[in-house]
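Residue numbers (full-length UniProt numbering), protein chains in the order written: chain A, 1 to 290; chain B, 1 to 279.
Hints may contain errors.
To be verified - Coverage of chain B stretches by chain A, computed from C-beta distances (three or more under 8 Å per stretch; other residues unrestricted):
1. 17-23
2. 106-115
3. 125-136
4. 177-185
Quick caveat, the hints were computed from the structure, so don't treat them as lab data.
In this text the structure is predicted, and so the values were computed from the model without any measurement.
Think of the CB as a built atom: it goes at the ideal place given N, C-alpha and C, for glycine as much as any other residue.
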Amino acid sequence: MEWLERNMPKLVLAPSFVAILIFVYGFIGWTAWVSLTRSRLMPRYEIDGFGQYARLFASPRWDVAMNNLFIFGGLFIAISMLIGLMLAIFLDQKIRAEGVLRTIYLYPMALSLIVTGTAWKWILNPGLGIQEMVRGWGFQNFSFDWLIRPEMAIYTIVIAAVWQASGFVMALFLAGLRSVDTEIIRAAQVDGIPTRRIYTAIIIPTMAPIFLSAFIVLAHLAIKAFDLVIALTNGGPGYATDLPATYMYAMAFSRGDLGQAAASAMIMMMVIFAIVVPYLYSELRPRREN
Amino acid sequence: MLRWSLYAILILFALFYLMPLFVMVTTSLKSLEEIRTGSLLALPRALTFQPWIEAWSSTCAGTQCQGLRPFFWNSVLMAVPAVVISTAIGALNGYVFAQWRFPGANLFFAAILFGCFIPFQVVLMPMARMLGLLGLAGTIPGLILVHVIYGIGFTTLFFRNYYVTIPQELVRAAKVDGAGFFRIFVAIFLPLSLPIVTVSVIWQFTQIWNDFLFGVSFSGPGSQPVTVALNNIVNSTTGVKAYNVDMAAAIIAALPTLLVYVVAGKYFIRGLTAGSVKG
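Okay, chain B solo, but in the shape it has when bound (with noise of 0.2 Å):
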């Protein structure tokens, strides 16, 4: 009896976090015409996919009318650079603060911790004037500059906490036999790191494909990102409302993030875990 009603609740509560994305899918195949009269629960009764070809190539997003297309390719522009940068540089910082320890090493890991709680809208209107000095307003290159700077904390921690784990004795070792900086890096500490780069690309991939902030605030026209574009397809307030390109613009939106966590999901959960646990 208390193993059923355990049951019951579980599910329950898995119907509750399905509900959305059922909703959404649902709505995304039905016509305009099913959707006032429908149901928001019922099935589609006649199919139909002109929703999703609207919304990846024809919807207005304020002004521009080319669907979601050109918005989800900035945003792939924008987040491999990116994550690949933000990534290598927080494997090097992660290796010295691990292994190479300096007078005030310590001091300088504590700060970019810090800059990692920082809210961002401390730095929004300054940013926005550097990007501007640099000439790199409402470009992708801006974008991919501010994501790198405030991913670094984050891959930085990932990659230390990581490499503290690699025992001295290795290095000790490698430096008897006259191994340099890189060479212990690329020898030693590279072919160990599968795991946390994982860790880390999917944790920045996740962050800047989802970012909005820096995207709405960085962006012009012709970089704006796939979550600005959908805010602005949604919240257009002219013409009628088609609600099913709506939800089928923000599957588009949300597809690879999704896919990385259906694909990925263990290194998902370690890289939310390591951003909030003591490593």
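Chain A with its partners taken away, still in its complex shape (with noise of 0.2 Å):
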């Protein structure tokens, strides 16, 4: 009975302690496992070596998956980033119906993407959406198709994207604001500082760890994005709007591959591991000294 009591604690983390090795890094190994077969339609275990990756890296699709990340990506994380910076120092000139405007700014966040890819959809959809609204305001020439066009259609993605988070980012930076030391801000109008100075040499800089948990979490979504991109464009025209993710997707579900579909998985992992494991092991450490 007294041996309950005191191991208590390790008898309630133990389930979750089993569920966690088993459905995270016993699958984790799995898929690491098969990566290095010649798994097609059905695992295979007997280990093959690199060859999985050499076709991965060998093919064409991949190749427009992996860049469409960098595009997507780069141009997500960086305009959600402006975008709600700007808002968030706009919101903090104490604005009326503060409230009323975060509210809006934030809701996208609470939509699933797919709801999101369905209303984009039909916005950017030529021939009935922005097209053909502007047309009828009589710009005949007006033409706004990306959508249907591959060498366009990822930056819909971004569009509908950037919608959905830049508010969440607005609010992170916003609370930052709202946590920089009020003394020193006034010290510094006491001193007859520019506001736009006191924003660029004293605000910005102290909120360095929330630009970095910003850019980790935009940087997670994006390498996660998967169904924005089935709801908005399927992937298409052809492949054209690929990303890691529908192509591990297509190659699992679809194509019957799974040696490509674990090499494509375990890329992406290594992709998120290099931005999370320094982020981690930055935040954990002095928690520990404590």
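Reconstruct the complex from the two isolated chains, following the hints.
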């Protein structure tokens, strides 16, 4: 009985421990293993080497997916941060109806990416959406058909993704702005330093950790982007808007190429870890010292 | 002058964020004829609720033509237990990590946290096989299991960060009085937990309701969640495209999380930021 009471904390954690061990680490191990075999429709467990990775990097479709990830990820992160920071600074100027505006900017984050994709697919549809509307205003030569142009379609995904996430970045930055020591700001104001300098020299530099957090969250969203692509373009036209996540899904569930799916999933994981591990390390270390 | 342009920019952005919702709502209330002849931003000339009725009870998702209704209930049946179970586990885990440290606990906590960040693509295939082995492939209990397991990391993080702020002296005093592990949890920690339970429930509900990847990978014809059905409705290629029904369906699929956001926005934001900012 006393033993039970003494070990209760460990016993409570045990099921989670087993679950995480199997469903996270065991499964990663399984995928890593399969990525080193010649598995096709069914998994095979004879290790064969790095052939799947060689095939992956030789695949033009994977090439498109990785290129798209850099275009999409880069623009999505940069534009969301820019809009988020701008809106946060503007909202910080003692704006009337700040609460209402904040609510409006942030609501897209509550929606499913499938809903977001559906809405934007309709708006960007050249036959009935924005293009048709502007033409109806009398600009007959106006053209906005990115959704169906292979070289431009990836940018429509950026538009929808920025719409979805930039309000969240605003909320993060606004919280950061509000947590800056007001004493320092007041002192700077008393010294007659102009507001713009106060932002660039004092406030924004002290928010560096929040920039990092926002970057990590956005990068994570970008690498995992799947729903939005499926709903907005379904990877098309052709495979012009494929991302690693849609490539992986196609290989695993419609092409019956488990080896390729496993290899692409492993690359995705490595990209995420390259970003997240240094971050987690820096976040957890000071805590341990306390 | 500067002040006016400030407001102008803020309002322009508000219009940008509101535009898709406005377009969805107005389109869902127009007839197809009006959609073809009218403009994207125009208000409906003759209101019709027919698209909503079709979206709810008769439009086709794949081969099933029962509207969103059965899939909506699938999502409810999946999300409610998954949210409750993962929150309960997270509360107990967080309680241990915050107040009952033992050697190796930090390492395990880091391992759980790490699991929050993996791209789910890396567990998709072994999970599909595991669900098959367990006889849960294509079922709602299977989806519940998946959401509970991959939700534990976040719920544990929420509760751990909340419970560390409760002074350990309280626990020590209770121990001296002879209270055990669960006694202390129920008598001291649970009554203080309402705010963090709210955050956890809202976060998990939004995540699970909005999930598509697990839904599309692991559900069968009778267990598809509403997001998968919505995608099937919108991307079906047969027949005349009923944009008004698509938009009504999209709003129906979005309604539960929108409602949560409107009613408990404060906690929604706290949940979002708790996952990303140092607690």
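Tested hints:
1. 17-23: It holds, with 6 qualifying residues against the three required.
2. 106-115: holds (count 8)
3. 125-136: This one holds; 5 residues, not fewer than the three required, reach chain A with a Cβ under 8 Å.
4. 177-185: holds (count 3)
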